[in-house]
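Engineer: The primary structure of each chain is shown beneath.
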Amino acid sequence: MKIYLKIWRQKDNLSKGSFKDYTVEDVNKDMSFLEMLDTLNLKLVKQGERPVEFDHDCREGICGQCGVMINGIAHGPLKNTTTCQLHMRSFKDGDTIYVEPFKAEAFPIVRDLKVDRSSLDRIITSGGFVSVDTGQAPEANSIPITYEEAEAAFDAAACIGCGACVASCKNSSAALFTGAKITHLELLPQGQKETHKRVAEMVEQMEKEGFGHCSNTEACQVECPENISVLNIARMNFEYNKSKLLVKK
Amino acid sequence: MHTPFLDTKIPEGPLEKKWSNYKKHAKLVNPNNRKKLEIIVVGTGLSGASAAASLAEMGYQVKSFCFQDTPRRAHSVAAQGGVNAAKNYKNDGDSVYRMFYDTLKGGDFRSREANTYRLAECSASLIDQAIAQGVPFAREYGGYLRNRSFGGVQVSRTFYARGQTGQQLLLGAYQGLMRQVKAEKVKLYARHEMLDLVLIDNKAKGIIARNLDTGEIERHGAHAVVLATGGFGKIYYLSTLAMGCNASAIWRAHKKGAFMANPSWTQIHPTSLPQSGPYQSKLTLMSESLRNDGRIWVPKDQNEKRKPNDIPEEDRDYYLERKYPSFGNLAPRDIASRAAKEQIDAGKGVGALKNAVYLDFSRALKEYGKNIIKERYGNLFDMYRKITGINAYDEPMKISPAAHFSMGGLWVDYELMTSINGLFAIGEANFSDHGANRLGANSLLQACVDGYFILPYTLSNYLATEIKVQKTDIQHKEFDIAEANCRKQLEGFLTTKGSKTAEEFHKELGRELYDKCGLSRSKKGLEKAIENIQKLRKEFKSNLIVPGDAAEVNSELEKAGRVADYLEVAELMCIDALQRDESCGAHFRQEYQTEDGEAKRDDENFSYSAAWEWTTNPSKPNLNKEPLIFEFVKPTVRSYK
Amino acid sequence: MIIYFKNALTRKNLMALTGLFLSFFLIIHLLGNLQLLLPEEQAQLQYNAYSHFLSGNIVIKLVSYVLYACILLHTLDAIYLGIKSKRANGQKLSRDRRSRASSWQSRNMMFLGIIIFLFLVIHFKDFWYQYKFGNVPFDENGNKDLYTLVVNAFDNIWYILLYSISFIALGFHLIHGVASAHRSLGLYHPFYARLVKIFGYFFSIAITLGYLIIPIIIYIKH
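Protein chains in written order, with the numbering used here: chain S, 3 to 251; chain W, 112 to 752; chain U, 1081 to 1302.
In short, the hints are calculated from the structure, not lab data.
There's no promise every hint is true.
What the hints assert, rightly or not - Here are the simulated lysine-lysine pairs, BS3-like style, with alpha carbons at most 25 Å apart:
hint	chain 1	residue 1	chain 2	residue 2
1	W	K293	U	K1086
2	S	K22	S	K94
3	S	K195	W	K293
4	W	K618	S	K31
5	U	K1172	S	K81
6	S	K250	U	K1086
7	W	K296	S	K195
8	S	K48	W	K611
9	U	K1277	S	K244
10	S	K31	W	K416
11	S	K199	U	K1086
12	S	K4	W	K497
13	S	K45	W	K649
14	S	K246	W	K293
15	W	K618	W	K635
16	W	K608	S	K48
17	W	K599	S	K48
18	U	K1172	S	K8
19	U	K1277	S	K81
20	U	K1277	S	K172
21	W	K618	S	K45
22	S	K45	W	K608
23	W	K736	W	K366
24	W	K128	W	K745
25	U	K1166	S	K13
26	S	K81	W	K485
27	S	K199	W	K293
28	W	K298	S	K210
29	W	K216	W	K128
30	S	K31	W	K465
31	S	K13	W	K608
32	S	K31	W	K418
33	S	K210	U	K1086
34	S	K210	W	K293
35	S	K45	W	K652
36	W	K649	S	K48
37	W	K298	S	K199
38	U	K1166	S	K172
Please read these numbers as outputs of a predicted model, since none were measured by experiment.
Can you make the complete structure from the sequences, with help from the hints?
Structural biologist: Listed below in C-alpha cells is the structure:
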C-alpha cells in the first residue's frame, strides 16, 4: 500500500503549526497506525530530518498515552479503539490521511502531535480519590459490594485517561472523564463518604482548566476507547446539584 | 575496589516471625522530623506510586518522577490477569505458607526464603488496601470477593478486576499519589527521565534528570533515592512491554556501584501474538487463561500448505498434550514457551513468517457452544480480531512466545536496599522474590507489597540515621561531575552523525538476544552473542544518528540513551547466563537438560544469586555470590509431566 | 462562590430549567391556539375572549414575566456557553469529522436557537406588540379582534413558510433539548433517561405538528 500523509508539524505551543506532506510506501495492511508512523520516522531520521513527535507507550490500548486526530476523528475511523489498536487495513491503497493533534485549549501542544494532558491529572488531584492512608484499611470482605455495583463501578473506572472525549467534543468538555471518576467512586461505599466534597472540587477544577461545557451530544461515548457511558455525566450533574443544594455546609 | 560482603540482613527467628521481628526492632523517625527528610522515587508504576503515596502519608517530602506524561500510564497498567493473596476466602486450604511454597517452587528454588515468605505474608493486607481505595475487584452475587485460580497452583487465590487488574490497582495507587500531590507532600515530575544517580560520601543523595519537554537537565537532591523503574524485557525489542520501558535508571545506578542480580532471568510468555512483519514494534499479550480451553498444535509436516481448518486431526501435533500428558496445555509458562520454540525451530511454525503455533478452540466451541466461549473470552477474541483482523471463532489463533518479565534486577537486601547506601529498589526493578521464574499474578502483588508495606518500614529504618543530615546541596561537586557526564553523553549521541537509528540498533540487539539468550541458551551461542554485542556497541559509538538537539523534545535522543544502556545490559545478561552452568526456571541451558529435554538444576554448585558488580569495563564485571540458604524448605525437582 | 455561578454545570442547569419551562409553555400556548381551528364564528369570539382574559389576569401577568425572563436567560446563557465553548476549543481542527459521532441537532442547537429567536422577534412584533399597542378593531363582544389579525396574517404564503421553517427548527431544538435538559439536571438512571429521550421525540413531533397545522388549515380554509 501507498499512503499519503498530511501531518501537523508544530515546533512548540508558541509557534505556528502547519500540515506537511509525506508519502509512505510499502505500507503493510497488518501494520498498526503507529508502526506506519514509525516507518515514516525511520525514513526521516535517516535523511537527517526531525521525526514526527507523537505520544505512545504500551501500544496495546490500555495506557492511554497515544491519541491523535486521524482524518478529523479522535483515534481514527474505528469506534471505541485507541490509535495504537488501529491498523492500516482500515485504509485503502492511495488514501490521503490527515493527522493532527488533539486540539483543545486545555491540551497545549508540546510538539507536533504531542499534547500536554496534565489538566486531566489536576482534575484527579483536586478530588478523584478515596482518602485512605496505607494501613487504615479494614478487612476486605467486611463491606460487601454487590456484583452489580462492582460491575457498574468498573464500567466507569475503566477510563484510560486518553483525552479522546475532550478531543471529540464540540465544546472540548472533560465531563465524561470527570463524570466517570465521580461515578466510579460514588458507586462504592468506600468512596461515597466524600462524594460531596469530591464532586464540587473536581467540577470546579474542570472549570479552572478551561474545559468547555457538556451539551450532551454523546460523541464522547462513541469515540471513547472504553465505551464509557454518557450517563456518568448525568450522574456528575446530579451529585453536583445535590452537593450544592441539598447538603448542609 | 574490594568486594563487599553481601549482607542480606535477614532477621533472626523462625520464618513466620522474621518480618514481625524486623518491624519490632526497626528504627523509627519522629513525625516532626519526617517533614525535614526528602525522598526521591523514580517511577510511578504500582511500586513507585504506592511507595511515594505511603511515604508522603507518613509525612516525608517526596519527589516523584516518571517519563510518561502522567503517572497513570506506567506499564503496571497493562497487567491483565490478577493479583494473588493468601486470604483463603475459598476455604480450599490456602495459607501464607502454601503461597510462599508455591512461589518458591514456581521460581525453581532460586529465591530467598525470607523475602518470599514476607511477600505471601503481606499479600492479605494488600487486598484490604486496594478495596479501601475503591478498586472494583470481581464480586460474587452476595457481595463478597471472588477468586479464580491461576497457573502453577492448586488453590483459588487470584483476585481480579476483569482483564484489567493492573489498570485498576494502578489507578488506586495513582489516585493515592495525586491525593498527596494535593496535600503538597509529593512533588510530581512527569515527563522527566532519570539520567544519573548522584552519590555523596558513598550514599545515594540525588539524581540528574532530563525534562523531556524542554530538554533541560535538572539536579534533584534527597536523603534517599528509591528506584521503582520496572523491568527491562524491552531489551529484546519485541516484547509485551511498553515502548518506553527501559533499564536506564537501574543500569546507571549499577554503574555507580549497585549490584545487578541474575540479569539473564527473563520470563518469556507463551501466549502473545506473533510478529507479523519487520516493521513490528511490540507484541501484545493474550491472557494465559486462554490455555484453559484452547489446544495448542502445529502441523506434523513442516511443508504444510493447507489452511488450519483443512488439516485433519492425524496431521496435527498437539505437542504439549503429547509431551506433558498430566498438565497438557496448562504447562507452566517457561515450559510452554520452550516447547513452542522447539516446534518453530524445527520449521513447523505457522503463519506467513512461520513463527507461531496454533491455539485452537474448535473442540471447546463444539463442546460448550459459542456463547459460553464468548462469555469466557469474548474480550480476548475481540482484541485478537482488532489486531489481526481474524475471527478466532472460525479459525485457530496464532500465538508465539514473547519476552515479558525480568526476574533479575538490582540486587537488594531484606530491606530492599541495594548495595549502595540509601538507594532502594522496589517492584520489578529489583531482583525480587520470584527466583528463576515468576508465577502468574505475583508481579502485581510484589510491586504493591514492596511499595505499600515494606519500604515504609525499611526506609524509615535507614532515614532514622539521617535525621541530622542537612538537605542535600545540589551545588555539590558530585552533582557537577554527574551533570557534566550526562551532558557529554547526550552531546556524544548528537554529534556521532552516523547512518543507523537507535531503533535499528535496538532491533538488531533484540534479535541477537532472543536468539541466543532467550528461551534456550548454549555456551557457544552466548559466546557468539557477547562477541556480536560488543561489535554492535562499537558500531553504536561511531554510526548512530540522532537528529535535532538536546534542548527540546527529542524522542530519538531519549531512545539513544536507552539503547546505549541496553547494549551494556545485554552483554551482562549473556555473561550471567554463561556462568550459570545449569538450567533453572526460565534459564534453560541446552547443555544441562535431562534425557527427555527438561531443565536440569544443579543445587550443589548454583544455589546462589549472582550479584554482578560494575568494573568500568562492561565485558569484565565482578561476580559476587549470595548463597541461597534453605533453612525451612527442601528444594525438590519441579516436574509437570 | 463566583465559580459556582460561572461554571458550566450551573449554567447548564439554568439552561435546562428555563428550557423546560419554555417547553411547558409551548403546550399551554398550543392548546390556546387550537381554538383558532373551531368553526369560524365560534373561533373568533372564543379566541378573542380568551386573549382578553389572558391579558387582564394578574397571575397570568406574573407568569408572563417569568416567561420573558426565561427567554432572556436561555438566550444569554446560550451566548455565554457558546463563547466558553469557542474558547475551550482552542486552535481549530483543519479537518474536522467529529460530527460523525453525534446527531445533527445536538451539534446545532445554537443555530436552531437563533432561528427560533428571530421567529420570536417577528412573532412578538406582529401579534404581541400589535395586540398591546397597535390599533386593533373590536369584535361583537367588545374584545380586541386578535382572531382576524391572525387569520389575515396567515393569508400570506410567505408568512406560512416562515412559520413552517421556524417550527421545524423548534422541533429539532426540542428533540435534543428535552432529553439534554434532563441529563443536565442529573437524570442518570439508564431506563428513565431512555424513557425521557423517547418522550422527548414524541413531544417534539407533537408540538411541531400542532403548531404547523394551525396556519396551514387557516390558509386552506380562506
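Engineer: Can you confirm whether the C-alpha distance between K649(W) and K48(S) stays at or below 25 Å?
Structural biologist: OK: K649(W) and K48(S) at ~19 Å, within 25 Å.
Engineer: Tell me if the straight-line CA distance from K618(W) to K635(W) falls inside 25 Å.
Structural biologist: At roughly 22 Å apart (the allowed maximum being 25 Å), K635(W) and K618(W) satisfy the hint.
Engineer: Quick one, are K1277(U) and K172(S) close enough, alpha carbons at most 25 Å?
Structural biologist: holds, 21 Å
Engineer: Could you grab the alpha-carbon distance between K195(S) and K293(W) and see if it respects the 25 Å cut-off?
Structural biologist: It holds: about 19 Å lies between the C-alpha atoms, which stays within 25 Å.
Engineer: Sort out whether K611(W) lies within 25 Å of K48(S), counting only the CA atoms.
Structural biologist: OK: K48(S) and K611(W) at ~7 Å, within 25 Å.
Engineer: Please work out if K45(S) and K608(W) have their alpha carbons no farther apart than 25 Å.
Structural biologist: Holds, at roughly 15 Å.
Engineer: Next pair to validate is K199(S) with K293(W); report whether the Cα-Cα distance is within 25 Å.
Structural biologist: holds, 14 Å
Engineer: Check the hint pairing K618(W) with K45(S) against an upper bound of 25 Å on the C-alpha distance.
Structural biologist: Holds. K618(W) to K45(S) sits at ~16 Å (cutoff 25 Å).
Engineer: Holds or violated: are the alpha carbons of K599(W) and K48(S) at most 25 Å from each other?
Structural biologist: holds, 23 Å
Engineer: Compare the distance between the alpha carbons of K216(W) and K128(W) with 25 Å, and conclude whether the hinted pair is satisfied.
Structural biologist: Holds, at about 21 Å.
Engineer: Given the hint that K31(S) pairs with K416(W), test it: the Cα-Cα distance must not exceed 25 Å.
Structural biologist: At roughly 22 Å apart (the allowed maximum being 25 Å), K416(W) and K31(S) satisfy the hint.
Engineer: Assess, step by step, whether the Cα of K1172(U) is no farther than 25 Å from the Cα of K8(S), and give holds or violated.
Structural biologist: holds, 16 Å
Checked against the numbered hints given earlier, this structure breaks none of them.
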